[in-house]
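Q: Sequence:
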Amino acid sequence: MDFALTEEQTAIFDMARAFGEEHIAPHAREWESAGEIPKVLWPKLAELGFGGLYVSEESGGSGLTRLDATLVFEALARSCVSVAAFLSIHNMCAAMLDKFGSDALKDRFLPGALTMDKVFSYALTEPGSGSDAAALKTRATRTNEGYTLTGSKAFISGGGYSDAYIVMVRTGENGPKGISAVVVEAGSQGLSFGGLEDKMGWRSQPTRQVQLDDCNISADNLLGDEGMGFTYAMSGLDGGRLNISACSLGAAQAALDATLAYMGERKAFGKSIDQFQALQFRLADMEIEMQAARVFLRQAAWKLDNASPDATKYCAMAKRFVTETGSKVADQCLQLHGGYGYLADYGIEKIVRDLRVNQILEGTNEIMRLIVARQLLAARA
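For the sequence shown, the numbering used here gives the first residue as 7, with consecutive numbering after it.
Just so you know, the hints here were simulated from the structure itself, not pulled from any lab data. Among these hints, one or two may not hold up.
[Unchecked claim] Subject to a maximum C-alpha distance of 30 Å in a straight line, what follows is the list of computed DSS-like cross-link-like pairs (lysine-lysine):
1) K205 with K112
2) K112 with K45
3) K277 with K334
4) K205 with K45
[To be verified] The following label-pair restraints were derived from C-beta to C-beta distances:
5) Y346 with E179: 50 to 60 Å
6) T147 with D291: 16 to 26 Å
7) R375 with D8: 27 to 37 Å
8) E191 with A40: 19 to 29 Å
9) Y346 with G233: 46 to 56 Å
10) R272 with G196: 51 to 61 Å
11) L11 with Y346: 32 to 42 Å
12) D291 with E63: 39 to 49 Å
13) R386 with K277: 47 to 57 Å
14) P117 with K277: 58 to 68 Å
15) A298 with G196: 29 to 39 Å
C-beta atoms are modelled at their ideal positions from N, C-alpha and C, and glycine is treated no differently.
Can you make the complete structure from the sequences, with help from the hints?
A: Below you can see the structure in the form of structure tokens.
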């Protein structure tokens, strides 16, 4: 059993961290205020191979493992969770195109996705279906040319910003077997967007409802087979949970590093506050929990890479543990900064805000507990 990263994995982490420190961190607050990440950033990330992290090398992607990918998101999230998380969404879409798309569909969309000249978003959640995703109502009606789409999607990162959307629609019966996946390009007739959502965190990611009002698409825009959309969607969730956990880990580590530096400089009662034993205990507890979270995350990623039968359970457990640990650590870091932690200049309050949603998306942490409990009970039987 070897817990050490390989030289290649260390190089991947260092490359992503250096990119974030140079190209993302200096602008993160500005982008948050503007409510948008400049699109010129994405091709720069794609030059590093980050536009198709786990797209196969045969298709022009980087062909990384899911463990490798968590290193990229952990490193980038040190600079900005919002940017790292949006890259995760795009990569999920690129991987779905590669894994399930026809040759014709891949030829049309995958090259642009890999260079990130064409940015992708993912549209599953609806105003009336979140955790119960199989209850979605957006309808795709067959026509002579393809499909007419009618419905709405909620909380879509990149809504009105991205160049294309992988949309889950109902082509058949109620329930998961009636769901298909289609690609809808920006500018399609009948595609429109709601107002910009005023969010607690991830504010540099524009989030809007996606409206489909008799939106006509070609039959060639079907991703894979009819009735397989829900299966495709679920297949990406284990990896998505790892990615979002890695974002929590990276940002919380950045907060802890900043707190260590601050406590060495901040004086109270005649000495730096890192000399008070009570506060040292807090630092120790945070370090212990962060190390436990990191090992847990990488174990879950290893299980997913090796198609372990309990990979879904471990991805759910890691997501619950790591995202809650990340938020807890970030909140403690804000507390240790005192009033300064509440100020935007120190960067801690942004991390606290950005991390909170990680306990909700990619399956709420309550759903993660449900997955774990069901598998425990099934194993007992």
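Q: Each of the hints needs a verdict: does it hold here or not?
A: Here is what the structure says about each hint:
For the hint linking K205 to K112, the alpha-carbon distance of about 34 Å lies beyond 30 Å, and the restraint is violated. Using a Cα cut-off of 30 Å, the hinted pair K112 and K45 holds, with the two alpha carbons roughly 22 Å apart. Between K277 and K334, the direct Cα distance comes to roughly 27 Å. Compliance with the 30 Å bound is thereby established for this hinted pair. As the CA atoms of K205 and K45 are separated by approximately 21 Å, the hinted pair is consistent with the 30 Å bound.
In this structure the supplied range 50 to 60 Å holds for Y346 paired with E179, their Cβ-Cβ distance being about 57 Å. For the hinted restraint 16 to 26 Å between T147 and D291, the CB-CB distance of approximately 56 Å leaves it violated. The hinted window of 27 to 37 Å between R375 and D8 holds, with their beta carbons roughly 31 Å apart. Roughly 25 Å separates the CB atoms of E191 and A40, a value that falls within the hinted 19 to 29 Å.
Here the CB-CB span from Y346 to G233 is close to 55 Å, well matched to the stated 46 to 56 Å. In this structure, R272 and G196 meet the distance hint of 51 to 61 Å, their C-beta atoms being roughly 57 Å apart. Checked against the hint of 32 to 42 Å, the C-beta distance between L11 and Y346 comes to roughly 34 Å, which is consistent with it. Between D291 and E63, the C-beta spacing of about 42 Å keeps the proposed range 39 to 49 Å intact.
For R386 and K277, the hinted distance range of 47 to 57 Å is satisfied, since their beta carbons lie about 54 Å from each other. In this structure the hint that P117 and K277 lie 58 to 68 Å apart at CB holds, the actual value being about 59 Å. Here the CB-CB span from A298 to G196 is close to 49 Å, at odds with the stated 29 to 39 Å.
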